[in-house]
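There are 2 protein chains.
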Amino acid sequence: MTETSALQAERNRLDAPVDALTRLFFIFGSPIAHVRAPVVWSTLMKRYGVNAVMLPADAAPAQFEHAMEGVKSIANVDGLIFTMPHKIAAMKHADALTERARRVGSINLLRRGPDGTWEGDNVDGAGFVAGLRADSVTLEGSNVYVHGCGGVGQSIGWSLAMEGVASLTLFDLDWQRAATLARSIAEQSHVSIRVGAPDMSTIDLAVNASPVGLNADDPLPFSVDDSPHHAVVADVIMEPRTTRLLAAAHSRGLKVHHGRNMMNFGMPIAASFFGLPESFDWNGAAVQK
Amino acid sequence: MTETSALQAERNRLDAPVDALTRLFFIFGSPIAHVRAPVVWSTLMKRYGVNAVMLPADAAPAQFEHAMEGVKSIANVDGLIFTMPHKIAAMKHADALTERARRVGSINLLRRGPDGTWEGDNVDGAGFVAGLRADSVTLEGSNVYVHGCGGVGQSIGWSLAMEGVASLTLFDLDWQRAATLARSIAEQSHVSIRVGAPDMSTIDLAVNASPVGLNADDPLPFSVDDSPHHAVVADVIMEPRTTRLLAAAHSRGLKVHHGRNMMNFGMPIAASFFGLPESFDWNGAAVQK
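In order, the protein sequences belong to chains A and B. One point on numbering: in the numbering used here, the residue at position 163 of the first sequence is 145, and numbering is uninterrupted. One point on numbering: in the numbering used here, the residue at position 226 of the second sequence is 208, and numbering is uninterrupted.
There may be inaccurate statements among the hints.
What the hints assert, rightly or not - Straight-line Cα separation of at most 25 Å, SDA-like style, residue types lysine to any residue; simulated pairs:
#1 B/K54 to A/A(-9)
#2 B/K28 to A/Q(-10)
#3 B/K28 to A/G31
#4 A/K28 to B/R(-5)
#5 B/K28 to A/S(-13)
#6 B/K54 to A/D60
#7 A/K28 to B/L(-4)
#8 B/K28 to A/R29
#9 A/K28 to B/Q45
#10 A/K54 to B/Q45
#11 B/K28 to A/N58
#12 B/K28 to A/A(-9)
#13 B/K74 to A/A42
#14 A/K74 to B/S(-13)
#15 A/K28 to B/K74
Since the hints were derived computationally from the structure, they do not count as laboratory data.
Please work from the sequences and hints to get the whole structure.
Below, the structure is given as structure tokens:
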């Protein structure tokens, strides 16, 4: 019996969660306590016989640079996921970027290549769009509002612009951030773009891409009182599953689209980016709808 | 149901190995593939309901500084273990040292205190001595040979000197390293100390504290052909369990002491240092003898 197979036998006997050969993935966020990625990814890795875990990494912005240099220096770290507020800061840690990540200006994924360099991607928007499509939401010709133009809002804005929407209205508390995104999208697409708060009665799809709603006592990110009856209201917040915004939309009889869809439909794309088995059943029993 | 308890419920339903609240411990080593700490510690943490895992961190010496700064920057990292070759380099990452760690000049444990500072300890020697005692090896009045004066050899040398042995003979391929350890022990104990290869016929307890024997085709670290029949031969190498040295000693009818004892008897001391449950049954079913 080789050393490695002896260790494997001991691991199996003890049903240990990790061993010396376990490959490490981290999700960086701040706060981190609400993220579902460690549970969901690690469960699927175990179920599919991949000796890897997705670990929570609680790093405040001031600690992020050191933490990133550190985990990249550990040879058995294969990939990283970024959630708020690190998606933009993470970008400079990529040696190369996918086309969509370069366009968006932020990354939510970073993988180590065979040559040791790190490649960044951003699949938030692609996952969000895939979720809307699966939920039969029409995008072509729609008037869309994106509230919040941080990492996730940028990714969603870009992806929607590429899906044939009629107009995009972009809002951010930092007006400059919304304007920058608008200018950048306008340079590469023909979608009609406005910056600022919209006339909600003209909006077919309203998306909260801001962190407002993470805390139970947050105000509504925006009002849906004037939304037309056919409007769809989407939130990127995963926990709580039904935010105050979605509850308000639901009580008005509007169609709601939960934040978990973005992760559930982004995960197969991310898994493929990380080189994990394509058969990963992300939308099966392991994933809470 | 709070967000955290919802996450906990999902984790339980899926039997996930980690979740967003999991506390992280790392064992740093290079190579790392043979270390048993991830399996053994993580199993016990799980068994005792501690939401934590012990992860392998494969960091070459050139990457060690970055990797250390990084993991210390992650807020949910509570403690670190060091194995070869990092025990000496790790010391400068401690804000404070226990008395025995200061004496030895290397650490194998580092914990984050409530105030965010890091304290280092070295329990290799204490674990090794506890293992010998449990194996009924007499130390008082013995003539002891320690082969290898790196981190673990230093810790063992110091601990044996404090246990009333008659003489210590210290050897290292780097003669200066053995001489430095000898001088340092001589300043604080009255044990008789020699540096160099011993007359093995006078040695009651011979300890391999070098990495020689980790690989199947390594030579013997030293010969036991001239050892007296009552001699005990100990190895610090855990994997393979029976090194070529121990096999040679066994075939001569000498008493052998396996490397795993140092970890098995050091672990309760380490667990206590990390603030883990004192009831941890390190020497029960989870630990392979």
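Hint check results:
no.	hint	verdict
1	B/K54 to A/A(-9)	violated, 32 Å
2	B/K28 to A/Q(-10)	holds, 18 Å
3	B/K28 to A/G31	holds, 20 Å
4	A/K28 to B/R(-5)	holds, 14 Å
5	B/K28 to A/S(-13)	holds, 22 Å
6	B/K54 to A/D60	holds, 19 Å
7	A/K28 to B/L(-4)	holds, 10 Å
8	B/K28 to A/R29	holds, 18 Å
9	A/K28 to B/Q45	violated, 29 Å
10	A/K54 to B/Q45	holds, 9 Å
11	B/K28 to A/N58	holds, 22 Å
12	B/K28 to A/A(-9)	holds, 18 Å
13	B/K74 to A/A42	holds, 24 Å
14	A/K74 to B/S(-13)	violated, 36 Å
15	A/K28 to B/K74	violated, 37 Å
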